[in-house]
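The chain contents come next:
2 protein chains.
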Amino acid sequence: MTFLQNNKLSEMANAIRFLSADAIEKSKSGHPGMPLGMADVATVLFTKFMKINPSEPRWFDRDRFVLSAGHGSMLMYSLLYLLGYKDINIDDLRNFRQLGAKTAGHPEYGHLAGIDMTTGPLGQGISSAVGMALAERIINAKFGDDLCAHYTYVINGDGCLMEGISEEAISLAGHLRLNKLIVLWDNNNITIDGTVDKANSTDQIKRFQAVGWNTIEIDGHNYEQIEKAIAQAQKSDKPTLIACKTKIGFGAPTKCGTSKCHGSPLGAEELAAMRQNLNWNYEPFEVPEDILNAWREAGKRNEEAYKAWDKKAQAAGKEFLDYINDRLPKNWDKDLNELKKKSIAEGTKVATRKASQLCLQAIVPNIPQIVGGSADLAASNLTFVDGMKTVTREDYNGNNIMYGIREHAMGAIMNGLALHGGAIPYGGTFFVFSDYMRPAMRLAALMGLRVVYVLTHDSIGVGEDGPTHQPIEHLASYRCMPNILTFRPCDVVETAEAWQLALEEEHTPSILALTRQGLPMLRDSAELNMTARGGYIIRGDKKKRQATLIATGSEVSLAVAARDKLKEEGIEVAVVSMPCTELFDKQTIDYQEEILGTAPRIAIEAASKFGWEKYVGLHGDIIGMDGFGASGPAEQLYDYFGITLEEVVDSVKNLLKK
Amino acid sequence: MTFLQNNKLSEMANAIRFLSADAIEKSKSGHPGMPLGMADVATVLFTKFMKINPSEPRWFDRDRFVLSAGHGSMLMYSLLYLLGYKDINIDDLRNFRQLGAKTAGHPEYGHLAGIDMTTGPLGQGISSAVGMALAERIINAKFGDDLCAHYTYVINGDGCLMEGISEEAISLAGHLRLNKLIVLWDNNNITIDGTVDKANSTDQIKRFQAVGWNTIEIDGHNYEQIEKAIAQAQKSDKPTLIACKTKIGFGAPTKCGTSKCHGSPLGAEELAAMRQNLNWNYEPFEVPEDILNAWREAGKRNEEAYKAWDKKAQAAGKEFLDYINDRLPKNWDKDLNELKKKSIAEGTKVATRKASQLCLQAIVPNIPQIVGGSADLAASNLTFVDGMKTVTREDYNGNNIMYGIREHAMGAIMNGLALHGGAIPYGGTFFVFSDYMRPAMRLAALMGLRVVYVLTHDSIGVGEDGPTHQPIEHLASYRCMPNILTFRPCDVVETAEAWQLALEEEHTPSILALTRQGLPMLRDSAELNMTARGGYIIRGDKKKRQATLIATGSEVSLAVAARDKLKEEGIEVAVVSMPCTELFDKQTIDYQEEILGTAPRIAIEAASKFGWEKYVGLHGDIIGMDGFGASGPAEQLYDYFGITLEEVVDSVKNLLKK
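Order-wise, the sequence lines are chains A and B.
Take 5 as the starting number for the first sequence in the working numbering and just add one per residue.
Take 5 as the starting number for the second sequence in the working numbering and just add one per residue.
None of these hints come from the bench; they were simulated from the model.
One or more of the hints may lead you astray.
One-sided excerpt, in silico: chain B residues whose CB lies under 7 Å from chain A [what the hints assert, rightly or not]:
| id | residue |
| --- | --- |
| 1 | Q102 |
| 2 | K106 |
| 3 | E171 |
| 4 | K210 |
| 5 | A214 |
| 6 | V215 |
| 7 | N218 |
| 8 | D469 |
| 9 | T472 |
| 10 | G601 |
Below 27 Å or equal to it, Euclidean Cα-Cα: the simulated DSSO-like pairs (lysine-lysine) are [what the hints assert, rightly or not]:
| id | chain 1 | residue 1 | chain 2 | residue 2 |
| --- | --- | --- | --- | --- |
| 11 | B | K393 | A | K264 |
| 12 | A | K569 | A | K657 |
| 13 | A | K146 | B | K202 |
| 14 | A | K661 | A | K548 |
| 15 | B | K202 | A | K358 |
| 16 | B | K232 | B | K304 |
| 17 | B | K618 | A | K546 |
| 18 | A | K547 | A | K661 |
| 19 | B | K239 | A | K210 |
Here are a few chain B residues that sit away from chain A, every Cβ distance over 12 Å (derived from the structure) [claimed, not checked]:
| id | residue |
| --- | --- |
| 20 | L180 |
| 21 | P333 |
| 22 | G408 |
| 23 | R442 |
| 24 | S529 |
| 25 | V653 |
As the structure is a prediction and not an experimental result, all values here were calculated from the model.
A virtual CB, placed ideally from N, CA and C, is assigned to each residue, including glycine.
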């Protein structure tokens with residue numbers, strides 16, 4: 005690539021700088037410091053290394069790029085425009101941060117071709133990049149260098165490194181020797197509140213070495229050093245951190261090197277002075293033809309490589325193409341359907357975490373892209389099934405990840421696996437500790453990724469481990485989150501139905517909230533996937549009912565028992581099993597009204613009562629938890645907190661009296 | 005302490021081992037591996053170093069102890085019993101993990117004297133210990149060695165070190181040189197899913213050194229090494245990690261050294277063999293007199309030291325005693341009350357984040373125990389006010405912490421500050437990033453701590469930063485969490501009222517959800533703290549109303565505008581400001597009905613609609629968000645998502661038509 009001399013590179017980098025600063029100036033909002041500081045690194049990376057093809061932004065074997073410091077979004081938008089991505093033009097840059105623009109405040113996956121991930125919440129990008137690099141190694145191990153061999157690059161700042169999730173992610177990357185992961189750290193010594201040393205003294209080089217990384221330190225404004233470092237990183241047998249010493253806001257005469265240029269437009273005066281300073285005699289949004297041409301040439305570098313790959317991919321055939329496009333094999337759920345029938349026939353009584361394992365035993369062998377795992381709780385979450393193989397640094401050809409005690413990184417890595425493609429991830433932990441990965445789950449919901457969370461020990465049914473381990477508010481806390489499905493199945497059949505829906509839903513993550521304790525089989529038919537309706541009548545007569553009990557998971561059998569008791573006493577009650585309120589809310593009003601009926605309603609769930617008024621109204625009753633749980637045997641806790649058959653029966657009678 | 009010879013120490017450690025193993029056996033549930041493995045370290049620590057007085061468990065100047073690996077709770081309970089804490093007897097050990105027992109599955113703060121913190125969720129203990137060590141240094145700087153000079157000890161396992169929060173916390177501890185913090189790492193190479201090396205290869209020594217810690221490696225079963233290491237750690241000018249190489253389940257003949265003894269009772273056979281193995285010829289729960297006496301003697305070691313301290317504390321007088329007991333000074337809120345009056349008189353129009361800063365300017369000089377801070381967003385959260393001083397490693401005598409980009413550690417450190425006492429913490433970040441510290445917030449709620457979260461940028465009002473930065477589900481997600489107050493004030497007066505309530509509520513953490521954007525002054529009187537009622541009528545006539553608008557924060561002014569518009573059209577509407585639903589729920593039914601009325605109700609909140617049916621019922625309306633936000637100017641976003649005056653007016657008219 006000798007055609008790009010240093011002076012040309014410098015002008016190309018300045019094109020990034022001025023497009024970024026001009027767009028931020030125009031929108032009166034944004035973060036110029038990072039695009040200006042990292043323009044040199046980005047120019048070398050994108051013109052000499054990144055294997056991408058702007059005409060085929062979704063090329064499977066492209067290098068991935070994650071702007072972990074997502075606030076520097078203009079760096080990304082400038083790059084995509086300069087490289088010739090068709091999805092973005094100069095007007096999009098002019099519309100930076102305007103409603104409906106592709107150039108959103110932070111890069112948003114799916115809004116603009118060339119964005120490999122939504123970033124902004126710090127630490128998520130670098131951690132999901134570990135998932136991308138992991139996916140690459142797994143698929144490489146299965147299909148070989150011809151079909152899958154690429155790098156994952158990250159640009160991040162100090163913020164990402166201070167966030168705890170980064171430690172979880174880099175320690176797993178080091179452990180698994182993900183040597184095609186290359187992190188370019190914008191080492192500018194500035195955060196929002198001032199110089200980094202006000203709040204941090206970490207020796208990052210030593211820190212990364214402690215978790216098994218290759219490290220390189222360079223001047224982030226020196227093209228030779230940048231190029232040499234990336235070339236060396238590509239050859240490492242470990243993941244690499246390149247510490248790029250940079251000046252934040254490079255080029256801005258008075259604000260460079262200070263936090264003043266981090267998160268606000270430079271201002272007309274400073275921007276004019278920067279034009280002088282960098283000898284950039286062009287109007288806002290103007291890129292001189294030779295510079296633009298040089299960028300467009302760089303963008304075309306891999307067209308032949310793409311074509312060669314595409315030929316090999318087509319030759320590899322449907323199996324490979326289905327694999328990388330995450331298509332489920334035909335009849336993938338045939339064993340799952342068998343399991344349902346068999347379980348009904350045998351009246352299988354198991355905890356739903358065990359039911360989930362039975363499902364996984366029926367699923368995993370039939371979906372090659374599955375990548376399962378657990379955060380050190382495989383034996384409790386029951387996420388591992390016969391025939392699975394754990395991915396190790398010696399052999400990536402597996403489908404189980406031992407995430408370690410790293411819930412947050414697990415969430416982010418699963419996002420990275422799903423974003424990369426050729427991987428359908430699920431991961432387990434205790435439901436209560438899903439709090440640890442909540443920021444990653446939110447991003448999965450926002451990006452619309454197929455990620456499945458296997459969250460066991462879902463209520464006070466946890467028992468002796470006590471309130472630190474008993475989820476109370478968690479069901480409600482996910483039901484209020486947009487675009488995530490919260491399943492709480494009541495038996496093997498509903499668990500299987502939930503798994504079917506979770507895996508078929510390509511653009512929504514799903515939670516499976518599963519019991520520790522055993523539950524009876526309640527369903528007597530599995531012909532229709534009733535869980536797909538969100539809620540349905542599992543016992544009782546729609547028309548004759550005098551009251552309706554609405555319950556989820558472990559409390560459905562309680563509701564059924566109460567219904568039987570009341571029937572003995574001559575009171576007709578219907579039981580609605582509501583494994584997924586979000587799906588129920590999507591049904592027609594007619595369906596909803598038909599299921600819930602007009603008789604008094606009572607919701608039963610061993611969890612926070614919050615939100616159930618939506619279904620029982622102001623005059624119904626809710627049997628649930630008002631505070632935290634307690635340590636003790638599970639059955640005693642149900643008694644203690646009044647989630648009992650007697651309580652349900654009394655509630656019905658009281659409502660009928662009114 | 006030469007009276008304790010090694011053979012005696014060994015027997016004393018075995019007393020811990022058998023009490024722990026017997027209790028776990030009896031309860032058929034629990035984690036024996038850690039108490040057995042760390043019994044030797046704990047014995048040396050508690051008999052030779054810990055400055056505690058079992059007769060005065062709350063002694064302010066005691067050393068703090070955090071069992072970060074909370075699943076090893078029997079280690080703690082055995083210690084407390086052996087040392088002679090009156091709050092625990094042998095029957096409590098027999099009742100381990102039973103409902104209502106003081107000996108809960110995991111150590112619970114407030115349930116049993118001598119427990120300095122609730123632990124169980126991994127990583128929280130070691131991180132809150134940083135807060136305790138920080139409180140000690142701050143108070144030491146103010147009152148001197150005579151009144152406050154003690155150590156904070158932590159026992160943790162690999163789990164705590166793998167959790168990302170630990171990196172955030174230890175890097176801040178190293179940065180601030182909290183040299184009285186001593187961490188004893190149970191380095192047993194075992195996690196639930198097997199040996200540590202299956203999921204982690206971190207060089208922990210190098211990792212801690214990278215963040216400025218002193219490190220020592222020892223055999224955790226060698227008494228001389230343990231004693232020497234702790235003595236050396238006490239003299240270090242840095243925090244110290246003591247890596248204690250141990251055998252998990254030490255003494256159990258076949259399960260020792262494996263994950264089999266981590267989380268289940270040993271079983272009768274193994275336990276009997278362990279008795280033989282360790283030559284322990286005593287019945288379950290029997291501790292021979294000489295061993296018990298030796299422990300009780302050790303427990304009394306500091307009685308004189310306590311008396312001497314108590315004398316000095318009494319001599320220091322009321323100011324000091326009020327300080328360490330976290331009593332608010334009389335009339336602490338006089339300036340705050342003035343602020344309210346002045347703001348009404350001047351019609352102050354500011355963002356509620358700015359209102360909060362005005363409040364802090366009135367609060368901080370009047371409460372000496374305040375320890376504020378922000379996770380690198382001081383200039384956005386407006387958490388810093390004139391006269392505050394940042395705590396640095398050179399000078400701990402301050403009241404502002406620069407937490408860095410470490411939300412999770414900030415949450416845990418604030419817990420540690422509050423637990424230590426002599427510190428009333430608040431900390432700021434963007435509301436959306438409260439997700440990062442949610443596990444610590446949950447523990448604050450569970451422990452009942454006075455911690456205040458200043459969470460700004462509370463809706464789509466964030467504007468251009470887009471959906472990654474716009475909270476949607478967050479209000480609902482905290483309203484469903486037990487024992488936490490979620491305030492969303494609408495103007496300066498309500499903000500001041502929220503601050504008053506948050507600071508006067510000693511056993512409940514509080515969230516202040518505050519706007520980025522400016523808001524008008526709505527209140528015309530500040531005589532009563534109306535926020536204390538949770539919700540109240542801010543505009544309109546109770547009796548004449550044809551509809552009721554219920555709104556919070558920035559949407560109250562929208563509701564008021566709609567009310568004015570409707571009044572022009574001859575429709576009478578009342579507006580309920582609802583700054584805290586949790587407090588409203590605590591009012592009498594009569595009050596609630598009086599405020600909400602019987603006319604149709606409409607809730608307005610620029611957030612997830614989830615949960616509002618509780619107040620508007622099945623036939624009301626909710627104007628809010630159904631999905632994630634978007635990037636664009638704030639006013640345009642309100643229009644785009646239909647949270648507008650027109651929408652409210654139309655909703656009222658539609659409801660009235662029905």
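Indices of hints not satisfied (ascending): Of the numbered hints given earlier, those the structure breaks are 2, 7, 10, 20, 22 and 23, listed in rising order.
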